[in-house]
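**Q** We have chain A; now place chain B onto it with these hints.
Protein chains in written order, with my numbering: chain A, 1 to 624; chain B, 625 to 853.
Hints listed in this document are in silico derivations from the structure and should not be mistaken for laboratory results. Please read all numbers here as calculations on a predicted model, not as lab measurements. Hints should not be assumed to be uniformly reliable.
[Said to hold, decoys possible] Some but not every residue of chain B turned toward chain A, in silico, with C-beta under 10 Å:
#1 714
#2 722
#3 845
[What the hints assert, rightly or not] What follows is a list of derived Cβ distance ranges for each label pair:
#4 598/A x 819/B: 47 to 55 Å
#5 595/A x 639/B: 25 to 33 Å
#6 639/B x 143/A: 37 to 45 Å
#7 586/A x 707/B: 39 to 47 Å
#8 819/B x 212/A: 29 to 37 Å
Even glycine gets a Cβ: it sits at the ideal position worked out from N, Cα and C.
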Amino acid sequence: MSEISFPVKDLARRRAQTALTVLGLTISTAATVFLIIFGTNLGFEISFLARGGRLTSGFSNIFFQFILFVSILNLLTGPIITSFLVHLTMSGRMRDIGVMKASGCLSGAIFAYFATELSLLVFLSTLTGIVSGVAAFYASTIVLNSAGFSISQTLNLAAILLVCIVLIIFSHIFGALPIRRAAKAKPTEAMSPIYKLGTTAGLGKKVPSRLGLTFKVAFRNLLRRKSATSQAIICLTVVLTLATVTIAGGIVANQTTASYVERAIGRNIVVVGHPTLTDRYVNLLSRFFEDKELEQIDYLSSEFVISESLVSKMEDIQGVDGVDPRLVLENSVREVPGVILEPIEQTEAIMIGGNRSDEALILGVEPEKVANDWLIFGRKLGENDQDATMVGDSLAVNMFSDALNQSIKVFDETLLPYDIVGVCVDPLNNGKVVYMPLETLHKDIGQHGYNLLFIQVDASENLQVLAQIENEASAENLKVVELDTILDKHVNFLNNIWSLVMLLPLFSLATAAISLLGYLMLSISGQQHEFGIMRALGAKPRSIMKIVFSQASVIILVSGAIGISFGLFLTFRFLIPEPVISQSTLISLSAWLLAILGLLCVSSLYPALKAVKKTVVDAISAVE
Amino acid sequence: MGRQTVKEKAVVASGLCRQFEIDDVVVEAIKNLDLTVEEGEFVSIYGPSGAGKTTLLNLIGALDKPTSGKIVVFNHDLGTYDENFLATFRSVYIGFVFQSYNLISTLTAVENIAFVIELAGWSKQRIKDRSEKLLKLVGLQHRGNHFPAQLSGGERQRVAFARALANDPPLLLADEPTGNLDTETGLEIVGILEKIREEGKTVIVATHDEKLLKLASRSLFLKDGRLTE
Numbered sequence: 001m002s003e004i005s006f007p008v009k010d011l012a013r014r015r016a017q018t019a020l021t022v023l024g025l026t027i028s029t030a031a032t033v034f035l036i037i038f039g040t041n042l043g044f045e046i047s048f049l050a051r052g053g054r055l056t057s058g059f060s061n062i063f064f065q066f067i068l069f070v071s072i073l074n075l076l077t078g079p080i081i082t083s084f085l086v087h088l089t090m091s092g093r094m095r096d097i098g099v100m101k102a103s104g105c106l107s108g109a110i111f112a113y114f115a116t117e118l119s120l121l122v123f124l125s126t127l128t129g130i131v132s133g134v135a136a137f138y139a140s141t142i143v144l145n146s147a148g149f150s151i152s153q154t155l156n157l158a159a160i161l162l163v164c165i166v167l168i169i170f171s172h173i174f175g176a177l178p179i180r181r182a183a184k185a186k187p188t189e190a191m192s193p194i195y196k197l198g199t200t201a202g203l204g205k206k207v208p209s210r211l212g213l214t215f216k217v218a219f220r221n222l223l224r225r226k227s228a229t230s231q232a233i234i235c236l237t238v239v240l241t242l243a244t245v246t247i248a249g250g251i252v253a254n255q256t257t258a259s260y261v262e263r264a265i266g267r268n269i270v271v272v273g274h275p276t277l278t279d280r281y282v283n284l285l286s287r288f289f290e291d292k293e294l295e296q297i298d299y300l301s302s303e304f305v306i307s308e309s310l311v312s313k314m315e316d317i318q319g320v321d322g323v324d325p326r327l328v329l330e331n332s333v334r335e336v337p338g339v340i341l342e343p344i345e346q347t348e349a350i351m352i353g354g355n356r357s358d359e360a361l362i363l364g365v366e367p368e369k370v371a372n373d374w375l376i377f378g379r380k381l382g383e384n385d386q387d388a389t390m391v392g393d394s395l396a397v398n399m400f401s402d403a404l405n406q407s408i409k410v411f412d413e414t415l416l417p418y419d420i421v422g423v424c425v426d427p428l429n430n431g432k433v434v435y436m437p438l439e440t441l442h443k444d445i446g447q448h449g450y451n452l453l454f455i456q457v458d459a460s461e462n463l464q465v466l467a468q469i470e471n472e473a474s475a476e477n478l479k480v481v482e483l484d485t486i487l488d489k490h491v492n493f494l495n496n497i498w499s500l501v502m503l504l505p506l507f508s509l510a511t512a513a514i515s516l517l518g519y520l521m522l523s524i525s526g527q528q529h530e531f532g533i534m535r536a537l538g539a540k541p542r543s544i545m546k547i548v549f550s551q552a553s554v555i556i557l558v559s560g561a562i563g564i565s566f567g568l569f570l571t572f573r574f575l576i577p578e579p580v581i582s583q584s585t586l587i588s589l590s591a592w593l594l595a596i597l598g599l600l601c602v603s604s605l606y607p608a609l610k611a612v613k614k615t616v617v618d619a620i621s622a623v624e
Numbered sequence: 625m626g627r628q629t630v631k632e633k634a635v636v637a638s639g640l641c642r643q644f645e646i647d648d649v650v651v652e653a654i655k656n657l658d659l660t661v662e663e664g665e666f667v668s669i670y671g672p673s674g675a676g677k678t679t680l681l682n683l684i685g686a687l688d689k690p691t692s693g694k695i696v697v698f699n700h701d702l703g704t705y706d707e708n709f710l711a712t713f714r715s716v717y718i719g720f721v722f723q724s725y726n727l728i729s730t731l732t733a734v735e736n737i738a739f740v741i742e743l744a745g746w747s748k749q750r751i752k753d754r755s756e757k758l759l760k761l762v763g764l765q766h767r768g769n770h771f772p773a774q775l776s777g778g779e780r781q782r783v784a785f786a787r788a789l790a791n792d793p794p795l796l797l798a799d800e801p802t803g804n805l806d807t808e809t810g811l812e813i814v815g816i817l818e819k820i821r822e823e824g825k826t827v828i829v830a831t832h833d834e835k836l837l838k839l840a841s842r843s844l845f846l847k848d849g850r851l852t853e
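So that you can see chain A by itself, here it is in the shape it has in the complex (with noise of 0.2 Å):
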């Protein structure tokens, strides 16, 4: 017999564990593939975003850190379950190893002849995985894009090679680990439960009784099933980690980047100007969601100028909280090279940045009466602030290396360059734009006064509010725009891309679900025998489903709190800067996470139907 024909027999004679074996690994390895290339795709479906002149640069990040993240993850995620799958696999041969050491063959000729059935194993269900993968990427995107999607449906070879590579590299190392301990070990003890279980004597003795008899057998199982234990453990909270990042996450995020647009361009807030900056303003906004050209206009036309006095009218209506006069204009601003110390070694300066130069939004503000709230890194302009500027995300991404230890450039070259005290995320000309105070910026160009309003509104007198404050403006001829519209439509825009980017969480938690029902099989199969001596002393087909479902529950429960608690911490600590969470948030994210608990402990249920519908000869007969 050749040396491949034997191990090819005898998976083929194990025919019920090895689909199983092949069928679980399948699974995990097909839902590694379709996250990647589905997350590969969403990921330039983002990218295409922010290169349109769409979504602004700290926006299109905290997209691509979560798609990135949920990615990695799984990346990982996939080769945890199949390693463990196959290591339990492995670990059930440990028994046969040692028989075969009895019978006097030698250790290297025992590591090959199991080696050879654990890549048999691995290279089948990578293969079948693989196009399962890539079949169901396609059938999602063609039943996402007839619902309105637009998902590229080019495949990625090198993430799927990568994938491949992964997998089979891992699913080698865990599943050769058993074998070369078993081959390692005395005949004796390769052949001893106890040695394949990982069980020592003190394990599980002092079970509490007032537990029912089924939960005290199901601790003890646990207990005493040591590796195969550790193993569920730990395969589980990984995947519920994944979970908790995808959920909270996407839920955390979707809240908080909608916070940032809130915050960056403000509730009840009206802006009043001349007709044609209050439009331009309004499309600079716009920028956000559409890409616009806009003409060339020259803002510091005197016919845009507001009058003290309308300020000071203004400021005296009742129900207005306060009113931020602005001077607005579009100027091309340049990268000022900054100096700082060597990062790692933090003895020498060194040089960084150029001389890179955009066209952006100048906006001279009144610090102490800025209306709007934006998530800034640094920190924003403040009252004693005189040669300070405060950037936008996408110009401090796009055109310096480290903005906040670098200046810029505005005005007249010869002039001494702004340090740069902050950068915020604004959707306003889609982040291209930079605040300084309006006495620097009167100074430098030589002109004073305003040409926009920003008047923050009481929410609960808004209409008669808004009426005066539209009477005094027309009587200047300027008009009033009000921004939550155009609000709603930045909270909307953002809202369809994270429906977009939530499929990619859903879609990791069902195949979570899936693998982890694959690995319960695996693993329950391995119990078939005990649970069918159970059985056939008296234990009711109800009592082994319950203890089944007390296993599942306590290692669920043990994994779901270490994985949860990790899950959040990664995504609110690393994810997501300033997360929102509203009490609102806090119930749907508890709802989900309690959801996917239920769901993991009901799906064991399924393996456990299996397992008690088989006759109790049957299930004695099952290999252990």
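**A** Same frame as chain A, but now just chain B:
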């Protein structure tokens, strides 16, 4: 489910058949078998390997259902009940000693014994007393906290006997109880079965062991799925 107190027929099988389909080949393990065992009888069933001894014990022990025919154990027609009822029936009426011991590997010896009476809902103290008494009966009081894998073959078989007796079942079924044991350990098992016989329990043993055959009040020969006295 209450036990009958009036003396009755322990097992009545009539026209019993059990077929298995293995790779499209139908194997008749039990063929049109009739059997009656009185309560308190010690019956041994012997015959060559593959004769159907284990299948017959599985049918009597309510672990398996006949393809055709009828099997009545303590007035319960086993073919008519669902799995839930049969589970309760097994825990009340049957003590089963398997040839390969079939101890639960993740439970210690004492926990394996206690499992059966825990299922029956005994109190904690009664479970403790009963388990210790049975361990003493089989001479393993010092090995109660050991896992099956840490026990010798004979010790495992003794634990299996103790477990089978835990719930004080009226019918004890033992499948080749000395088959895997050396002569000396086999004698210990014979000793245990003698004690059980003296208690007046109904015992059906499938065996090749002459000592066990001698212990039986009646020996039946099973060949090709058919019984002869």
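**Q** Give a verdict on every hint.
**A** Hints, one by one, checked against the model:
no., hint, in the structure
1, 714, "5 Å, holds"
2, 722, "8 Å, holds"
3, 845, "24 Å, violated"
4, 598/A x 819/B: 47 to 55 Å, "52 Å, holds"
5, 595/A x 639/B: 25 to 33 Å, "55 Å, violated"
6, 639/B x 143/A: 37 to 45 Å, "58 Å, violated"
7, 586/A x 707/B: 39 to 47 Å, "45 Å, holds"
8, 819/B x 212/A: 29 to 37 Å, "34 Å, holds"
Of the numbered hints listed earlier, those contradicted by the structure are 3, 5, 6.
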